[in-house]
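Trainee: Residue-level listing of the chains:
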Amino acid sequence: MTHERLERRLASEPAPDELDWVARPLPMSVADARARVTSTHGPHRGLLAMVAVVVVAIVAVGAWSVGSTLLATSPREVGNGSVASPTPTAAAPAIGACTAEDFAVASDPWDSAAGSRGTTVVLRVVDSTAACDLPGGVTARITDASGTSLVEGASDPVARERIEQGTQLELGIAWSNWCDAQPGTPLTLELLLDGDATWIPVVAPGGTGPLVPPCMGSGQATNLSVTGFQPSERPLIEG
Amino acid sequence: MTMNVEAFDASGAAARARDEDRAAIVDLQARRGAELYGLARRLGLDADEADDAVQEALMRAWLALDADDPVRQLDAWTFRTLYRLCMDRHRWRRRVRLLTDRLGGGGSVTEPAAAIGDRLALWAAVDRLPRRQRATIYLRYRADLTFEEIGHVLDIQPVSARSHASRALDRLAVLLREEDFR
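Protein chains in written order, with our numbering: chain A, 1 to 239; chain B, 1 to 182.
None of these hints come from the bench; they were simulated from the model.
Treat each hint with caution, since some may be false.
Claimed, not checked - With the C-beta cut set under 10 Å, the calculated list includes, among others, these residues of chain B facing chain A:
{"hint": "1", "residue": "VAL26"}
{"hint": "2", "residue": "ALA34"}
{"hint": "3", "residue": "GLU35"}
{"hint": "4", "residue": "ALA50"}
{"hint": "5", "residue": "LEU63"}
{"hint": "6", "residue": "ASP66"}
{"hint": "7", "residue": "TRP123"}
{"hint": "8", "residue": "ASP127"}
{"hint": "9", "residue": "ILE137"}
{"hint": "10", "residue": "TYR138"}
{"hint": "11", "residue": "ARG140"}
{"hint": "12", "residue": "PHE147"}
{"hint": "13", "residue": "SER166"}
{"hint": "14", "residue": "LEU169"}
{"hint": "15", "residue": "LEU176"}
Virtual Cβ for every residue (Gly too), placed ideally from N, Cα, C.
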């Protein structure tokens, strides 16, 4: 089917659910309209907070049954410390945290420096009506063609920070001392925000991936260093 | 006395502006309501969620008109707001799923069923495109926005919007050809 024919069909054939739409009455005043707009911190924030409190409460009750004394004195010694905290408010910061879907991501081509290979990754908050809270840190990893992680590194933890829609940030990645056999290419750089579960693939221009650094000392482990987020002055990257 | 007349005029002008704002939103709802709803459905919201999102976008558009620096491209602004509301909704779903997964029970909140069988083949194929391509196709051909306006809605360059549309048309041609052979 040609583009012209497709374009004609798309313009003339309504999507089936378009025809289901019925206009709702609008409020009579702007004050009423203001009252009906949900919080700028995102839809259903209250409901989500309630779910979070319920989850934490249930986990806390479970942990309490295991050993309340231990939990009260040293929560991190029981299972996953961040979840097992007996304080319900511990879950609150997770609400509104930035996630992988919030960002458009781009990077420079990988470059060589003395003994290491690196790039700069730029992230921009897109696709949201509201700000989100940038977590304290980020983990990076490089995987080979089969998806096996070759090396992993994390930035130093810093305080969470609220960032507005459209804000652009950057961070530096440097990989050094690879002494094993040449990994299967293409290699992929991925990022994981603290508290998130989705790795963000970072593709360099032209679909290129990380460069393998030279071996600087076979007795030492390979290392991936990640700087913390910094404000980026670069031209806005694509969404 | 002059002061009173000025105050009266200012008050009357403000009231007229408020009436004009409401009229603009009523007009926007009449002209664009079905298309806003269609976009929300294309972006994966179910019927009730899409209905709520459209209403929310209209309310926000009204507030934006009432602001000190009112919006100029009202239609594109409202589509943009709706698009972001839809993305927020998906993010909310995902967070609820993450939280409920911690309970070990799996998510009770799930993506709406695609219900592809109930849709026309053309729009079923559109719904199989990646999100930005799907939105671009809908905004271009159903909402009749320019690529510049689509760029504003999706927060991308107009040339990228054009590129999304071109790739989407290529993909649609393949999908519909496959459909013909079934």
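Trainee: Please go over all the hints and tell whether each is borne out by the structure.
Mentor: Here is what the structure says about each hint:
{"no.": "1", "hint": "VAL26", "result": "holds (6 Å)"}
{"no.": "2", "hint": "ALA34", "result": "holds (4 Å)"}
{"no.": "3", "hint": "GLU35", "result": "holds (7 Å)"}
{"no.": "4", "hint": "ALA50", "result": "holds (8 Å)"}
{"no.": "5", "hint": "LEU63", "result": "holds (6 Å)"}
{"no.": "6", "hint": "ASP66", "result": "holds (5 Å)"}
{"no.": "7", "hint": "TRP123", "result": "holds (5 Å)"}
{"no.": "8", "hint": "ASP127", "result": "holds (9 Å)"}
{"no.": "9", "hint": "ILE137", "result": "holds (6 Å)"}
{"no.": "10", "hint": "TYR138", "result": "holds (7 Å)"}
{"no.": "11", "hint": "ARG140", "result": "holds (8 Å)"}
{"no.": "12", "hint": "PHE147", "result": "violated (13 Å)"}
{"no.": "13", "hint": "SER166", "result": "holds (8 Å)"}
{"no.": "14", "hint": "LEU169", "result": "holds (5 Å)"}
{"no.": "15", "hint": "LEU176", "result": "holds (6 Å)"}
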